[in-house]
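Novice: Spelled out from the first residue to the last, the chains are:
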Amino acid sequence: MSSKYAIEIESLNIKIGNKHVIKDISLKVPKNTVFAIMGPSGSGKSTLLRSINKLWDLYPEVKVSGKIYIDGIDVNEIEAHELRRMVGMVFQRPNPFPHMSIYDNVAIGPRLHKLYKKKEELDKIVEWALKKAYLWDEVKDDLKRKASKLSGGQQQRLCIARAIALKPKVLLMDEPTSALDVVSTKRLEESIVELKKDFTIVIVTHNPQQAARISDYVAFIYNGELIEVGPTKDVFTRPKHELTEKYVLGKV
Amino acid sequence: MPRLYKLWLALIYIIGLSALGVLLWVLGSILVNGLPVVLKYGIGLFTNNIPPPMFLFFGKPEVGLAPAIVGTLMVIGIAFAISLPIGFTAGILIAEFKHSKIAELAEELASTLVEVPTITAGISIYWLLVIPMHNPSALAGGIALSLIMIPYIAIYTAETYRKVPMVVKEGGLALGLKYSTVLFKVIRGLVLPGVISGVLMALAKGAGEAAPLLFTAGWNDKVTLNPLDQVSTLSVLIYKFGFSSQELWRELSWAASFILVFVIILPLIAISKIMVKKHEF
Amino acid sequence: MLRERKLRIIALFGFAGLIVAVLILVVPLIINSYDFLLKYGKELISSMNWNPPQNVYGGLQFILGTLWVTFWSTLIAMPLSISLALLATELSPKRLKTLIAGLTDLIAAIPSVVYGYWGLVVFAPLLATTVYPYLLNLSKLPIIGILFSTSVISPQCVLTAVLVLSLMITPYATAIIRNGYEMVPKDLVEAVYALGGTKWDVIKMNLSYIKSTIIAGVIIAAGRAMGETMAVTMLIGNNVGPFKPCLLCRGSTITSVVANEFEEALLNPYHAKALTALILILIIMGSLLLAFGRRLGKKLVEAEIIA
Chain A
1 MSSKYAIEIE
11 SLNIKIGNKH
21 VIKDISLKVP
31 KNTVFAIMGP
41 SGSGKSTLLR
51 SINKLWDLYP
61 EVKVSGKIYI
71 DGIDVNEIEA
81 HELRRMVGMV
91 FQRPNPFPHM
101 SIYDNVAIGP
111 RLHKLYKKKE
121 ELDKIVEWAL
131 KKAYLWDEVK
141 DDLKRKASKL
151 SGGQQQRLCI
161 ARAIALKPKV
171 LLMDEPTSAL
181 DVVSTKRLEE
191 SIVELKKDFT
201 IVIVTHNPQQ
211 AARISDYVAF
221 IYNGELIEVG
231 PTKDVFTRPK
241 HELTEKYVLG
251 KV
Chain B
1001 MPRLYKLWLA
1011 LIYIIGLSAL
1021 GVLLWVLGSI
1031 LVNGLPVVLK
1041 YGIGLFTNNI
1051 PPPMFLFFGK
1061 PEVGLAPAIV
1071 GTLMVIGIAF
1081 AISLPIGFTA
1091 GILIAEFKHS
1101 KIAELAEELA
1111 STLVEVPTIT
1121 AGISIYWLLV
1131 IPMHNPSALA
1141 GGIALSLIMI
1151 PYIAIYTAET
1161 YRKVPMVVKE
1171 GGLALGLKYS
1181 TVLFKVIRGL
1191 VLPGVISGVL
1201 MALAKGAGEA
1211 APLLFTAGWN
1221 DKVTLNPLDQ
1231 VSTLSVLIYK
1241 FGFSSQELWR
1251 ELSWAASFIL
1261 VFVIILPLIA
1271 ISKIMVKKHE
1281 F
Chain C
2001 MLRERKLRII
2011 ALFGFAGLIV
2021 AVLILVVPLI
2031 INSYDFLLKY
2041 GKELISSMNW
2051 NPPQNVYGGL
2061 QFILGTLWVT
2071 FWSTLIAMPL
2081 SISLALLATE
2091 LSPKRLKTLI
2101 AGLTDLIAAI
2111 PSVVYGYWGL
2121 VVFAPLLATT
2131 VYPYLLNLSK
2141 LPIIGILFST
2151 SVISPQCVLT
2161 AVLVLSLMIT
2171 PYATAIIRNG
2181 YEMVPKDLVE
2191 AVYALGGTKW
2201 DVIKMNLSYI
2211 KSTIIAGVII
2221 AAGRAMGETM
2231 AVTMLIGNNV
2241 GPFKPCLLCR
2251 GSTITSVVAN
2261 EFEEALLNPY
2271 HAKALTALIL
2281 ILIIMGSLLL
2291 AFGRRLGKKL
2301 VEAEIIA
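Chains as they are written, first to last, in the numbering used here: chain A, 1 to 252; chain B, 1001 to 1281; chain C, 2001 to 2307.
I should point out that these hints are in silico values taken from the structure, not numbers from a laboratory.
Some chain B residues judged to face chain C by a derived CB distance under 10 Å, without partners named:
| id | residue |
| --- | --- |
| 1 | 1082 |
| 2 | 1106 |
| 3 | 1205 |
Using 35 Å as the maximum straight-line C-alpha spacing, the simulated DSBU-like pairs for lysine-lysine come out as follows:
| id | chain 1 | residue 1 | chain 2 | residue 2 |
| --- | --- | --- | --- | --- |
| 4 | B | 1098 | A | 169 |
| 5 | B | 1273 | C | 2199 |
| 6 | A | 15 | B | 1098 |
| 7 | B | 1277 | A | 144 |
| 8 | B | 1163 | C | 2094 |
| 9 | A | 114 | B | 1185 |
| 10 | A | 131 | B | 1163 |
| 11 | A | 31 | A | 4 |
| 12 | B | 1185 | A | 118 |
All figures in this text were calculated on a predicted structure; none of them were measured in a lab.
Cβ atoms here follow ideal geometry from the backbone N, Cα and C, with glycine treated the same way.
Turn these sequences into a full structure, and let the hints guide you.
Specialist: Rendered as structure tokens:
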């Protein structure tokens, strides 16, 4: 069963210990769009993102309730690893596998999921992913280099390549530029716009300008509540909520 | 005030350096007394049987430590085979099941086991195995030693896995891999040096132990490869021959000390340290 | 929580292994000393008359001997380990620091039985001819004289065992103190310097800051001393007579009497069981000590293991 939405979230609540971090949020993310979740830090947006691929499974103090569908599939009906196979993720800080080469970082997903038969096929996947992540030109001559030797921005693009090498339905990005400088951020944003052609992207950002630059839809979260959601243009030009207006003008 | 300070400082230096001096004295004694014996008997030391007590009456005996060397390797090998799977899996439990009561209990048990006097293992295994089997054996000795090595391997493994940042593990999980795949395949290259280093430390610890083997491994003048036979080990030989008034047996105690410390334990520790250096990332 | 089945099975295997290890260590001791303790238990911990052939099992001297040896070796190890910890953190140039740290680890790496043999052949005879005759003269002093009063100087005596033992346990305490020392907040140190303090003031401040760590480290080292077997057995002289608060006398501890007598004890079931009961008592003594030490210095287990 296929849905016209890549992600549907219905009355999601998340509690961490006694703290109610996400309060009854419902969202729909159309396919092949960049969907930004913005809000000040501490508003719960990363918490929300990590519930989409059930990363909270590992933390018993985090209680998630509500429904989440990926391409029409109820995430609670499938195993966490099957879900994560469909939902790639890029983290706040670049986290390549530091002991592996650039090539192996990208190849490890396809390799362990046995997605290819011949070495040449794997080479092709790696090349495709690195190109999509706008990293290929910088590393193509030295794919054997250790990932830890790359710059922060390159490492983050490597993490994107690693995630998309599995051709996921959805790509989650948790403030992927927060640890990067201006130039690296620009390159990364370019690659995100390019990636939209193949994937649905949900990106969390605390920077409204970034959301305005790259997203098609935007949700504004404040204090664990969904304040406003809609096409980026509308939200930024005609915010319905006073708080949203303040936030996009940089007053919150 | 500054004078008192200098006095204390001098005292600290003297005390600290004299402790290290004694260490070098011990190592030096082993080297000075042990190496000449090894050179004197040469390769025969590693191939000949241990001379019997009455050798004086039977002309020139063959002099060797082969049964003790082979026995040490056998006992250590058996202990290794038992303690690696248990210690490693217990380490995974301690490091990766952070919030569970079982993991907490396991950590408590492992750190308590490390502190249990090693002779305890010898006495317990004596009652448990040697009595019913009517005979000490390499197997019983190995099992006694494994009780000492298990907590070491568990704690080193847990430390190594804990050192891997959670974000790296999550990076693997986000690729749709099972947690076990992340632990045993994705970050294998990252943790392997640390785990190996811990295992080598445990082996070094086990190789030198005599107390758990005194009543469990027995004694054998001849080389045997049967794990149900009695075996001598270097550590037990040092103890038994150390009290002897016979010059030859004292020589053998020195030679055994030399082999134990300089050929087995120090190289194991050196490799272990190099491994840990590599492990830093 | 990890729900993956494979991993749960692995973890459960490790847990079962640990439990079995603990059971193997403790249960045979209890089973094989139970009837002895019922019959002779009171005598074992209250009398100092040890004569197994006559089935007389007063073992208090071994318990006291263990405490006595532990006390003295810990007392000597304390300045050794604090000095080494300071040398390895504060007082030496960087290259020397790693060297000192490495050498300290080496002390821990040498087997007990090798220390014992070295002590027996090299150290004890030397002490007996050079140091002990002077110490014997101290026996005329009031009060402390009793520590040194013996009729004959024996190379193997309590003091010889204590000295070697104190060296052997020093690395454990050093590692813990070193660890604690490095965890003193940097801004505290800077504050002392900012107030015009010298390096000496910093050391004093740091040491008082980690007081409980030092005590914990020392207690853990004491625990090791308590259970140490081979070196003690080879050096203490193995006199099973009544306990005397003496350093130059030959003495015995729980571990030394067990290592010495267990083999021959097998001819007499009660003798072997008496020694087994003593080991049980040793474990209980050690657990009490460690429980005390743990309460003082939680989270120190790592440093203690890596030593």
